[in-house]
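Read top to bottom, the protein sequences are chains A and B.
In case it helps, this note's numbering puts the first sequence at residues 1 to 375.
In case it helps, this note's numbering puts the second sequence at residues 1 to 375.
For the record, the hints were derived by calculation from the structure and aren't laboratory data.
Since the model is a prediction, treat every value here as computed from it, not as a measurement.
Careful, some of the hints might be misleading.
Since copy identity is lost for identical chains, a pair holds within one copy or between any two.
Claimed, not checked - PhoX-like cross-link-like pairs, simulated, lysine-lysine; straight-line CA separation at most 25 Å:
id, residue 1, residue 2
1, K60, K247
2, K60, K39
3, K247, K121
4, K127, K232
Here are the chains, one letter per residue:
There are 2 protein chains.
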Amino acid sequence: MASESTLTDGPTTDTNRHRVFNFSPGPATLPLEVLEIAKNEFLDYRGSGMSIIESSHRSKEYDAINEEAIALTRELLGLDDRFHVIFVGGGASTQFAHVPMSFLPEGKIAAYVDTGSWSAKAIKEAKHFGSVEVVASSKESDYTFIPQPGDFTVPSDAAYLHLTTNNTIFGTQWQSLPKPTVPLVADMSSDFMSRRHPFSDFSLIYAGAQKNIGPAGATMVIIRDDFLATAKEGLPTMFDYRTHTNKKSLYNTPPVFAVYIIKLVMEWLKEHGGLSWIEAINQRKQQLVYDLIDSDSDFFRGTVRPDSRSWMNITLRLPSEELESRLITEAKAAGFAGLKGHRSVGGIRISAYNAMPTAGIEQLVRFMADFRKSA
Amino acid sequence: MASESTLTDGPTTDTNRHRVFNFSPGPATLPLEVLEIAKNEFLDYRGSGMSIIESSHRSKEYDAINEEAIALTRELLGLDDRFHVIFVGGGASTQFAHVPMSFLPEGKIAAYVDTGSWSAKAIKEAKHFGSVEVVASSKESDYTFIPQPGDFTVPSDAAYLHLTTNNTIFGTQWQSLPKPTVPLVADMSSDFMSRRHPFSDFSLIYAGAQKNIGPAGATMVIIRDDFLATAKEGLPTMFDYRTHTNKKSLYNTPPVFAVYIIKLVMEWLKEHGGLSWIEAINQRKQQLVYDLIDSDSDFFRGTVRPDSRSWMNITLRLPSEELESRLITEAKAAGFAGLKGHRSVGGIRISAYNAMPTAGIEQLVRFMADFRKSA
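Next comes chain A alone, as it looks inside the complex (with noise of 0.2 Å):
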């Protein structure tokens, strides 16, 4: 894999591969050499003879790429074997229950940070099983910014402390993470892998796949075995954690072909560099933006405070939204899909996951310095 071509990935003119710059906030772009790779072999899977998705879940092929998935998530992420890794159905929507289910007993309360409609729903989920305590929010400030570290107090008894590091909606981002003072945990969905953090800070990690790690339908949970041990007994089957990682995820049929390309995914960012190599061009990426916004800021009115910008989902207004309009369908017919702000804020939403091509952010970049222009 040639890290150029990673980089350069974007529309083309060869007429047997169109490709557009995909801005979608998940499901969203993936490296184009992992697609090729999967599409290459997708008739017979490395000589077995039949697709990936037609292989056993207990072949030696599937075998070989679930602990692949498994020793390269620990190897990304600097964990030692005290962390389980598994890949579960069901989206991170399902976690949001799962959670507290296992890990708020009676009598306890869990902490929560408030930080827009994911963590709400994190929230009102928790709300079914336990006692909850919001520690911080910016709800009140239209979730326009992550609350800091030092200005809030986690009670030394709660069960644990949940965060959202990044947010899709309101395209704001956790840029320092919290140091536990009671377990951490974490849904990472939508940064996951694209910098590095203290990894083993945290007692549980989740994750759907579908915006940096690969497609939908898988989700994949880490969980520190110190924190394993308090999970609750007695839960159906499938809902205890234990199940799963006893069994490497494989107690039932895992999702297959997901778990499949995240492994592909998480090989590609290894051999280009792991996460030091993508946070760099991330860096890059979220700055090429956030620079044209504050160049002409009375035109690109970012919508979140400075100190919590996100670098995988970037939103902003224009003085109208009749120009958020044009600039949509003007950016779409120029191959750059995918940009329109969630309904709920509307506006224009860039995502720039670890799969978008710095030359995409370039490209868009310019196409929006011209659209200003003209306007």
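Could you slot chain B onto chain A? The hints should help.
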């Protein structure tokens, strides 16, 4: 799509494409025509400039897939619009808990027929939520038969009667299904869409996709609206079936790729003639194998009572484990994969799902007859 190619698909001498006959019990063989379509449009889904696995689940492309998958399900099964069709993650194993969580209220009992490992697991999970009565079981006879509908009684006030229509591990299948006296619920994972039944009799049907209709990662659930109206209220959002029926599986991100393949498989079924077409093929396929077994039953020892024989998973023993092991090894070398019986029962298992071509069965039967002669 030509029906010729479907039925003669299999091992090939074409050096560009190596393909075995895959008798795996699931994930399982899929129609080659479907795999070829998926491969051909994998990098650019119908002119969208992106892979279907990169496409937003809110895109017009995915919306069309989802709508068509729902419509095809109703059409192939002969269901009217009282029936909701949803696609969820977590496998049938999650439904084992999800069904009683929703439909087994306090003070009622749920009736279950125990026909094998999967039934037993469903019963175990139901006990987490309420009272269960096993109204019929073949456990004492090592699950070698299916209780006949006239031979057991269902309490008239049962919340529902739960069946497993086909038992992959033990090789048994309900040849005719009971008429409803209480709401009928069935796990149809391993014979779904393989033959005709009065599907409208069922209040709820669930099926993991990875046998007859697609890859692992999606479970189809069909719920009749009168039964849905009785579902418990106040459950966590993702455990309330209404969350999914109200949004046509788009409340959260669905398993996009799995649903896409399921839709292609159902198009393949419909274009060839639907369930009556595949039923005739499946009838012929199982007949070929059971004829071989019956022609030499001292050597090929069928493990189940003839009236309960599965068309989908044909289980047999040879006179010794050494012979079984030899047959599996030699078959594999000859291009017949996945014939090993489940570890809990041993022996040989021939899974003959919808996408297994008749030619695959014909060639396997010839191979087995030759093996017998040389044994």
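Against the structure, the hints come out as follows:
1. Proximity of K60 to K247 under the C-alpha cut-off of 25 Å is restricted to the intra-copy arrangement: shortest distance 15 Å within a copy versus 38 Å between copies.
2. Proximity of K60 and K39 under a CA criterion of 25 Å is satisfied in both settings, with 21 Å inside one chain copy and 23 Å between copies.
3. In the homo-oligomer, the alpha carbons of K247 and K121 lie at most 25 Å apart only across protomers (17 Å), although the nearest pairing inside one protomer, at 29 Å, exceeds that limit.
4. In this assembly of identical chains, K127 and K232 lie within 25 Å of each other by CA distance both inside one copy and across copies; the values are 16 Å within and 18 Å between.
In summary, this structure violates none of the numbered hints.
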